[in-house]
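So the sequence shown is residues 1 to 229, counted in this note's numbering.
Since the hints were made in silico from the structure, they are not lab data. Backbone N, C-alpha and C fix where the C-beta goes; we use that ideal spot for every residue, glycine too. One thing to keep in mind: the hints can contain errors.
[Said to hold, decoys possible] Quick list of the computed label-pair ranges, beta carbon to beta carbon: (1) Asp81 - Asp204: 33 to 41 Å; (2) Asp118 - Asp210: 24 to 32 Å; (3) Asp81 - Ser32: 12 to 20 Å; (4) Thr114 - Glu149: 21 to 29 Å; (5) Asp82 - Met61: 19 to 27 Å; (6) Asp118 - Glu149: 20 to 28 Å; (7) Met224 - Ser32: 21 to 29 Å; (8) Asn94 - Thr119: 19 to 27 Å; (9) Pro79 - Thr197: 38 to 46 Å; (10) Thr197 - Thr151: 47 to 55 Å; (11) Glu29 - Glu223: 49 to 57 Å; (12) Gly96 - Glu147: 35 to 43 Å; (13) Asp95 - Pro221: 18 to 26 Å.
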Amino acid sequence: MNKSGFSIATAAALVLIGGCGGNNEAAEEADSGEDVLERALTLMEERDNYFEQSRIESTDMREGEEEMEIREVSRWVFPRDDGHILERIERTENDGAKAYDVSVEEGERMVSFTEGDDTAVVTNRDYGGGISQQDMLENMYEGGEFELEGTEEVNGREAYHITSTEETDGMTDYWFDKETYYLLKKDGSDGSLPHVTEEVVEFDLDPDFDEEMFELEEVVPEEMDIVRN
């Protein structure tokens, strides 16, 4: 299969998906792991606003004992016409205090703090250097071979399950929502440690925008000092 571009059949299927307003009952089903990845990448490029709530379970050996860490992350993303991105991330680890990273001042800066802290820190927003989920999927698509294992249910949604011959950040198994091709779950299949499972609990590709979620005075609790770096 030529990975330098998308096939005509895939493009036609995606037109059907888009034309059905998110309901792809009439669209042709994916028939290979590469096909699933192609569609996921194409629709990811077209994606704008989204909300995602995920749960990450990490298991490792510490001092001879197996330990599990559980992180829960909620993320809202709203790209702006000027190239800045309004992003709000709320995360907890092992039921600890909630930490926040929120774009403020029209996406030019980021405020970070944890519940119970005395201080919130505002820094300039850096839009370079990070590896996005799209980058990860593109690297997978270019560098590996994939098998479509069939469909399975993930948190109440039917999903394509594909496996990769090459690990990417320790992951070999991926589940994509059958309707939207949103990445719902990724996992390392061999069970060796450290072992990480990341699963999307809920997502919304058209979330409501609330301006107050990105206003510094509304985001930071009144009792907290604000420090600018």
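Q) Which hints, by number, does the structure contradict? A) Numbers 1, 3, 4, 5, 6, 7, 9 and 10, in rising order.
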